[in-house]
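K.L.:
Going down the list, the protein sequences come from chains L and G.
Final position of the first sequence in my numbering is 440; the numbers increase by one with none missing.
Final position of the second sequence in my numbering is 160; the numbers increase by one with none missing.
To be clear, the hints were calculated from the coordinates, so they are not data collected in a lab.
Beta carbons are placed, not taken as given, at the ideal position from N, Cα and C, and that holds for glycine.
Take these hints with a grain of salt, some might be off.
Unchecked claim - Residues of chain G clear of chain L, computed beta-carbon distances all greater than 10 angstroms: (1) Leu13; (2) Ser56; (3) Gly97; (4) Asp101; (5) Ala147; (6) Ala154.
To be verified - Here are some, though not all, of the chain L residues that point toward chain G, as calculated from beta-carbon distances under 8 angstroms: (7) Asn314; (8) His345; (9) Trp400.
Said to hold, decoys possible - Reference listing, derived: stretches of chain L covered by chain G, where coverage requires no fewer than 3 residues with Cβ under 8 angstroms from a Cβ of chain G: (10) 79 to 85; (11) 193 to 200.
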Amino acid sequence: MTAAVDHPLDRNEIRGLVRQDYVHRRAYADPEVFALEQERIFGRLWLYVAHESQLRAPGEFVRTRLAAHEVIVTRHQDGNIYVLHNRCPHRGARLCMVDRGRTRLFTCPYHAWVFRPDGTLSSVPHPQSYPANFDLSNPQNHMQRVKHVQSYRGFVFANLAEDPPPLTEHLGEMREVIDNLIERAPEGEIEIADSSFTLEYHGNWKLHMENANDIFHPSFVHSSSVAPARAAPANASILDEDQTREMLLANGFGVKEWEGIRLNGIAGGHTFMTSFYDKGVLANRTEDRVAQRYRAILAERLGAERAAAVLAMNRFNNIIYPNLLINAQYQQMRVTIPLAVDLTHIRVHCFRLKGAPDEMFHRAIRFLTTIGSPASMIFSDDVEMLERCQQGLITQAGPWVNFSRGLDSDRRDGNGSVGGAASELPMRVQFEAWVNYLTQ
Amino acid sequence: MTLPYETQREIELFLLREARLLDAGEFEAWLALYAPEGIYWMPSQPGQTDPKGVASIIYEDHAILAIRVRRLLEARALVLTPMPRATHLISNIEVAGGAADEFTAEAAFMCIEHQGDRQRLYAGRHTHHLIRHNGSFRIALKLVALANCDGRLAPMTIPI
Chain L
1 MTAAVDHPLD RNEIRGLVRQ DYVHRRAYAD PEVFALEQER IFGRLWLYVA
51 HESQLRAPGE FVRTRLAAHE VIVTRHQDGN IYVLHNRCPH RGARLCMVDR
101 GRTRLFTCPY HAWVFRPDGT LSSVPHPQSY PANFDLSNPQ NHMQRVKHVQ
151 SYRGFVFANL AEDPPPLTEH LGEMREVIDN LIERAPEGEI EIADSSFTLE
201 YHGNWKLHME NANDIFHPSF VHSSSVAPAR AAPANASILD EDQTREMLLA
251 NGFGVKEWEG IRLNGIAGGH TFMTSFYDKG VLANRTEDRV AQRYRAILAE
301 RLGAERAAAV LAMNRFNNII YPNLLINAQY QQMRVTIPLA VDLTHIRVHC
351 FRLKGAPDEM FHRAIRFLTT IGSPASMIFS DDVEMLERCQ QGLITQAGPW
401 VNFSRGLDSD RRDGNGSVGG AASELPMRVQ FEAWVNYLTQ
Chain G
1 MTLPYETQRE IELFLLREAR LLDAGEFEAW LALYAPEGIY WMPSQPGQTD
51 PKGVASIIYE DHAILAIRVR RLLEARALVL TPMPRATHLI SNIEVAGGAA
101 DEFTAEAAFM CIEHQGDRQR LYAGRHTHHL IRHNGSFRIA LKLVALANCD
151 GRLAPMTIPI
């Protein structure tokens with residue numbers, strides 16, 4: 001698709017792709033840049049792979065992607081979590097063909113090598129035919145382990161680097177959003193929902209991460225769902241207490257509602273929005289009976305003051321670099337999985353707050369459907385634009401992508417930077433980190 | 001209960017009419033086939049029975065479908081430019097009667113959706129719960145069991 005460059009990328013070339021207010025189209029369309037991202041970003045940073053609520057009992061496992069690899073995340077009998085390459089060390093066959101399950105042992109169907117959930121080799125059939133020095137305990141005969149696996153409060157991350165910094169260091173103050181999500185559960189525990197979506201689009205992975213912290217596009221991109229939602233009568237639905245219509249309406253905010261919203265970036269490339277609810281931009285249900293019941297339960301567990309503080313957390317679409325997006329208010333999470341320079345999967349999940357009324361979970365599910373489904377009246381238009389960007393960025397014509405909006409009014413703020421709602425600050429922060437990671 | 005042939009045929013023709021309205025882009029007429037409390041449901045998991053605790057690709061009643069239809073007819077909908085053209089094939093229809101004037105129809109479907117320079121293929125099974133109304137029927141529930149409902153999916157545009 002893209003004209004291949006005839007020399008390997010050097011650090012200066014990468015630096016040359018990103019200016020203060022522009023990025024070169026090769027960042028999105030050049031397979032060599034993508035290969036470098038896989039090596040130095042997805043191959044070196046902590047990446048979310050599973051939630052511990054999927055791995056409660058020994059033998060429970062989840063199949064997922066880690067950079068270019070397919071991996072199985074398992075809970076072993078020793079209580080530890082392992083991340084294993086989904087590949088039999090004998091002939092290289094893929095071992096596990098389902099996304100989730102529970103098993104005592106993984107058996108390769110080809111020549112029946114049998115592995116424990118920690119990847120060690122349990123047995124091979126007809127052992128007498130193997131040479132005398134064939135050793136079941138030789139790690140070379142085991143499913144290959146990803147060396148670094150760490151959890152932060154139930155969120156399991158893996159890292160392919162030789163000697164990565166601790167996970168908590170990478171997460172930094174982004175831990176707050178995970179903490180907040182968990183504190184919203186009256187029992188102090190969350191569970192990932194069984195159902196999720198995997199959406200595929202023909203575009204670069206970064207386009208989705210940029211779009212998620214862009215306040216400017218909804219009034220244009222989503223006008224075709226805002227207008228019908230505005231024309232529709234309130235409370236007409238018998239299914240969802242108007243939740244869908246309100247969510248569609250929420251994209252209809254304009255300049256007036258923007259005021260007060262802040263876009264934030266911090267070291268490492270993490271970005272998020274704050275002050276989202278100050279002017280009622282998004283429907284923040286506080287008055288209805290379900291929310292009242294939930295607040296009462298939470299206040300009983302945490303005390304009224306603490307519960308109010310937890311629910312008042314006003315950060316939205318928190319993006320943990322490079323590819324994890326968490327929205328605690330609605331218990332939503334997205335994982336962006338790059339497959340090729342122009343092919344990306346987005347996994348969309350939601351969580352159950354343990355101890356909260358079932359209706360709260362039903363709302364999170366409804367949110368997932370309305371915003372995360374392939375047939376979403378919102379997300380489908382976003383994805384259409386991501387694909388059109390990719391289509392436009394394929395050729396050399398006018399190679400620079402502009403992200404200068406807000407450049408003059410952004411300011412440094414402690415550990416990071418902050419800009420107004422219309423700013424493209426998150427994109428600049430992400431690309432600053434991108435250059436740093438790729439040139440390290 | 002085996003239905004009289006005439007009733008079976010009437011139901012078949014109703015299903016074909018629904019498909020034709022979708023293919024023709026007559027979404028308002030399509031929506032008019034639904035009862036006021038009628039539901040369109042496309043689950044995200046095979047055999048899914050719970051629409052509340054399990055996410056659905058689409059789970060919408062008449063009021064929300066009406067928003068979707070207006071969006072379909074709204075020129076600015078990005079994902080709908082150019083407007084997709086669909087061809088539905090409805091086959092293997094089996095109908096059964098329930099309570100008075102209530103019927104269930106099961107069918108296999110294929111939907112080929114053509115848009116711009118790409119084609120998408122959807123296949124699976126439809127289940128319709130129909131209620132006799134003014135000499136025809138109204139849809140109380142249309143369940144669209146997409147064969148790849150739990151797979152990776154590209155954005156979807158028009159009802160299937």
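K.L.:
Are the hints correct? Go through all of them and say.
P.N.:
Here's how the hints hold up against the structure:
The Cβ of Leu13 of chain G sits about 27 angstroms from the closest Cβ of chain L, beyond the 10 angstroms cut-off, so the non-interface label holds. Non-interface status of Ser56 of chain G relative to chain L is broken: a Cβ of that chain comes within 10 angstroms, the nearest being about 5 angstroms off. For Gly97 of chain G, the requirement that its beta carbon stay farther than 10 angstroms from each beta carbon of chain L is met, with the minimum near 26 angstroms. Non-interface call for Asp101 of chain G relative to chain L: holds, since the shortest CB-CB distance, roughly 21 angstroms, exceeds 10 angstroms.
Taking the minimum C-beta to C-beta distance to chain L, about 14 angstroms, the non-interface status of Ala147 of chain G holds against the 10 angstroms cut. Its beta-carbon lying about 5 angstroms from the closest one in chain L, Ala154 of chain G breaks the requirement of being farther than 10 angstroms from that chain. Interface restraint check: Asn314 of chain L against chain G, minimum CB-CB distance 26 angstroms, threshold 8 angstroms, status violated. Checking His345 of chain L against chain G: minimum C-beta separation of about 6 angstroms stays under 8 angstroms; hint holds.
Against a cut-off of 8 angstroms between C-beta atoms, the interface hint on Trp400 of chain L is violated, since the closest Cβ of chain G lies about 24 angstroms away. Proximity of the region 79 to 85 of chain L to chain G, defined as three or more residues with a beta carbon under 8 angstroms from a beta carbon of that chain, is not established by the 0 residues found. Proximity of the region 193 to 200 of chain L to chain G, defined as three or more residues with a beta carbon under 8 angstroms from a beta carbon of that chain, is established by the 8 residues found.
Comparing the model with each numbered hint stated earlier shows that hints 2, 6, 7, 9, 10 do not hold.
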